[in-house]
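Count the sequence shown with mature numbering (1 follows the signal peptide of the UniProt record, and there is no 0) and you get residues -15 to -1, 1 to 711, in order.
These are computed hints drawn from the structure, not numbers from a lab.
Take the hints with a grain of salt, since some may be wrong.
List of simulated lysine to aspartate or glutamate pairs, EDC-like, C-alpha gap at most 16 Å [to be verified]: (1) Lys411 / Glu389; (2) Lys544 / Glu568; (3) Lys267 / Glu293; (4) Lys82 / Asp116; (5) Lys170 / Glu148; (6) Lys411 / Glu433; (7) Lys457 / Glu433; (8) Lys267 / Glu241; (9) Lys457 / Glu550; (10) Lys411 / Glu362; (11) Lys82 / Asp153; (12) Lys597 / Asp576; (13) Lys39 / Asp25; (14) Lys336 / Glu293; (15) Lys82 / Glu63; (16) Lys373 / Glu327; (17) Lys467 / Asp486; (18) Lys457 / Asp504; (19) Lys170 / Glu201; (20) Lys457 / Glu381; (21) Lys336 / Glu362; (22) Lys170 / Glu188; (23) Lys411 / Glu341; (24) Lys411 / Glu390; (25) Lys267 / Glu220; (26) Lys597 / Glu550; (27) Lys411 / Asp436.
Now the in silico label distances, taken between C-beta atoms and shown as ranges [stated by the list, open to error]: (28) Leu615 / Glu255: 44 to 52 Å; (29) Glu381 / Arg339: 13 to 21 Å; (30) Leu615 / Ser571: 14 to 22 Å; (31) Glu255 / Ile309: 20 to 28 Å; (32) Ala546 / Gly111: 39 to 47 Å; (33) Ser277 / Thr386: 33 to 41 Å; (34) Ser505 / Thr570: 14 to 22 Å; (35) Ile305 / His399: 18 to 26 Å; (36) Thr110 / Arg15: 18 to 26 Å; (37) Leu278 / Ser329: 26 to 34 Å.
We put the beta carbon where it would ideally sit given N, CA and C, even for glycine.
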Amino acid sequence: MIWLILLSTLGSSTASLNAHKAGVLVALKRSLLGLGNTSDWTVENSDRACTDWKGVICNSDDSEVVELHLAGNGFTGEISSPALGQLTSLRVLDVSKNRLVGSLPAELGLLQSLQALDVSGNRLTGSLPRDLGNCSALRFLNAQQNQLQGPIPPQLGALQRLEILVLDNNRLSGSLPPSLANCSKLQEIWLTSNGVEGEIPQEVGFMQELRVFFVERNRLEGLIPPAFANCSSLELLALGENSLGGRIPDELGRLENLVALSLYSLQWLEGPIPPEIGNNSKLEWFDINGNSLMHGSIPQLWNMTQLEFLGIGRTNSRGILSPIVGNLTRLRSLRLNGNRFEGSVPDELSKCPRMETLILSNNRLLGGVPRSLGTLERLRVLMLGGNKLSGAIPEELGNCTNLEELVLERNFFHGAIPESIARMAKLRSLLLYGNQLSGVIPAPASPEIIDMRLHGNSLSGSIPPSVGNLSKLSILYLSNNKLDGSIPATLGQLRRLSQVDLSENQLTGGIPGSLASCDSLQLLDLSSNLLSGEIPASIGVLDLSANQLTGEIPASLGKLAGVRELNLSHNRLSGGIPWTLGEMTSMAVLDLSFNRINGTIPGGLARLHLLKDLRVVFNDLEGRIPETLLFGASSYEGNPGLCGEPLSRPCEGDGLVDVGDGATWWKENVSNGAFVVGFLVVERHLFTCLPTKRPKKKRNKKMAVVVSLVNSVEEVTAGVSEVSLH
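Starting from the given sequences, assemble the full structure and let the hints guide the process.
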């Protein structure tokens, strides 16, 4: 979109640049604070400035500097030299891709011959100087990717020769000045990612040469001006992510040269797609995704045979997907998700050989997936989730060897997962959850897979140990299936693994200690299984609810300082709440409800400054609730022995209150020579929940869970020595 204007070349040297002009360049270098390619800019060799100084181009007789090319030199200073305005013959100034700070100097307005100014890719602040309006020869202005603020100066409207204006990715505000319409030669306006507000001026229709109007991600409001139809040269109109409203003007159908129309995520855009849009025979890109106030059927867009991108997702569009879509043979991306389309997935989609992205999710589509989609060799993304599709997943999809994302979740697919899908070498996301799939999980082979979600099916058998070879795997959801066997220890090889949900299966055995090697692990949900063994470390969210855990809560849990959520609810845990839980300083949620926990609530929990949710309901706790645990009464209900605020039951006298320093525990246990061994007994009968409330997860299976913890006296005393006993 942007080209550098080169206006002169280095000719034969017949005269040297005078010392004054060379001094101006040296002063400019000093203000820029960096050597880069300017290390040879010295007063001593100023007589060779036009021939030896890198980045400097002079006129034919070497008497004037006409171009300065200083891009990518690592400059960290400011463009602040007052002498800059003395380079009156300068036509090109390029200081892009540095780290310049400060504001643009007003002296730029003195450069009457300047035709190209590129200050993009720096850290410039302040506002655009209005003095730029004096640069009457300016044709190219690029200040994108800075931190410029304030409004666009109306004085820029005086630049009669301006052709390209690029101000993307700044912090500009204010409205679009109508005076820009006076720039009769203006061809391109780029203002993406700023804070420009107000309405698009109707004067835009006077810009006969305008080819690009790209103002996405701003705060523009009002209507889309029908006056755009007068911009007969317009090729790219991009208004997405603004607060524009009203309807798409019918007049846009008169733009014969329009190649791209981007109107996605406009807050108040409404109504149907005007049929006149189908007249734009050159249109290659049409994007109205995310306009939830729109409605209606798709007009004859299928006749726009040049279309490469068609995005009509989340627009409340309805109707039946037409087989005519096969006419769009140049189509690379079709996004119709989040609408009310009915009927079947058109078999004619196979006539679009360039298709790379096909997203039809969250509609009302019926039937099966056409086997012919397997002929789309370039297909990278296939999303058909959230429909009413049924039948088996076609084995032929395995022929789409470039497929990276396969998303078929929340349908009615049945049968086995095709082996051909497991062999896809480039697959990154496999989302098949919420179907009726059965059989075993085929051993996945793609080394690229990051996200695998197969939960909510009827898959059986064991978890393939080869999952441990998926070195990039981050998310693994296999919950609510019929999986049995043990959790593969090979999961410990997955250093990028962050979320694991294996709950509501029939898994047995222990929790692999190798999971402690998963440095990125944040969520581990193993609830509602038949597990036994110890709890590994290095977990951010630990959910062991709805098992049959018995015995005491291990004091060693306090060593899991990174845990943010701990859920041990709906088990058969007994004993007291370890004071060591107060050392889990990252904890935000603690749920110990529906167990048989007794004793007092340790005041040490007050050290959990991030704690936002505490639930200990329906246990056998007693004593005073620590005053620092300011949660509602609902957090403590079902414990008749508890008293004090926020409960209505007052405490009798001023009994001993555990302030969380460990002193009470020390005196009653270690000082008496007690030896701590926490153990849980294997239960062989069905778990019976308290009748007052039942857990959400089913418990109709026998569970044998053993969690053992043996701490030596040295470990116990080391833990206590970290707190004050005074």
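How the hints compare with the structure:
1. Lys411 / Glu389: Measuring from Cα to Cα gives roughly 5 Å; hence the hint holds.
2. Lys544 / Glu568: 7 Å, holds
3. Lys267 / Glu293: 11 Å, holds
4. Lys82 / Asp116: This hinted pair is violated, its Cα atoms lying about 23 Å apart.
5. Lys170 / Glu148: 5 Å, holds
6. Lys411 / Glu433: Holds, at about 6 Å.
7. Lys457 / Glu433: 6 Å, holds
8. Lys267 / Glu241: 7 Å, holds
9. Lys457 / Glu550: Given that 16 Å is the threshold and the Cα spacing comes to 25 Å, the pair is violated.
10. Lys411 / Glu362: 13 Å, holds
11. Lys82 / Asp153: 14 Å, holds
12. Lys597 / Asp576: 11 Å, holds
13. Lys39 / Asp25: 8 Å, holds
14. Lys336 / Glu293: Distance of about 14 Å is within 16 Å: holds.
15. Lys82 / Glu63: At roughly 13 Å apart (the allowed maximum being 16 Å), glutamate 63 and lysine 82 satisfy the hint.
16. Lys373 / Glu327: 10 Å, holds
17. Lys467 / Asp486: 14 Å, holds
18. Lys457 / Asp504: 13 Å, holds
19. Lys170 / Glu201: Measuring from Cα to Cα gives roughly 22 Å; hence the hint is violated.
20. Lys457 / Glu381: 26 Å, violated
21. Lys336 / Glu362: The given pair, whose Cα atoms are some 12 Å apart, holds under the 16 Å limit.
22. Lys170 / Glu188: 14 Å, holds
23. Lys411 / Glu341: 14 Å, holds
24. Lys411 / Glu390: 9 Å, holds
25. Lys267 / Glu220: Holds, at about 9 Å.
26. Lys597 / Glu550: Between lysine 597 and glutamate 550 the Cα gap is close to 10 Å, so the pair holds against 16 Å.
27. Lys411 / Asp436: 13 Å, holds
28. Leu615 / Glu255: 44 to 52 Å: 47 Å, holds
29. Glu381 / Arg339: 13 to 21 Å: 19 Å, holds
30. Leu615 / Ser571: 14 to 22 Å: 19 Å, holds
31. Glu255 / Ile309: 20 to 28 Å: Given about 26 Å between the Cβ atoms, the range holds.
32. Ala546 / Gly111: 39 to 47 Å: Given about 45 Å between the Cβ atoms, the range holds.
33. Ser277 / Thr386: 33 to 41 Å: Distance hint for serine 277, threonine 386 holds at roughly 36 Å.
34. Ser505 / Thr570: 14 to 22 Å: Taking Cβ atoms as reference, serine 505 and threonine 570 lie about 20 Å apart, which means the hint holds.
35. Ile305 / His399: 18 to 26 Å: The hint (18 to 26 Å, Cβ to Cβ) holds, given that isoleucine 305 and histidine 399 are roughly 25 Å apart.
36. Thr110 / Arg15: 18 to 26 Å: 21 Å, holds
37. Leu278 / Ser329: 26 to 34 Å: 28 Å, holds
Checked against the numbered hints given earlier, the structure breaks hints 4, 9, 19 and 20 and satisfies all the rest.
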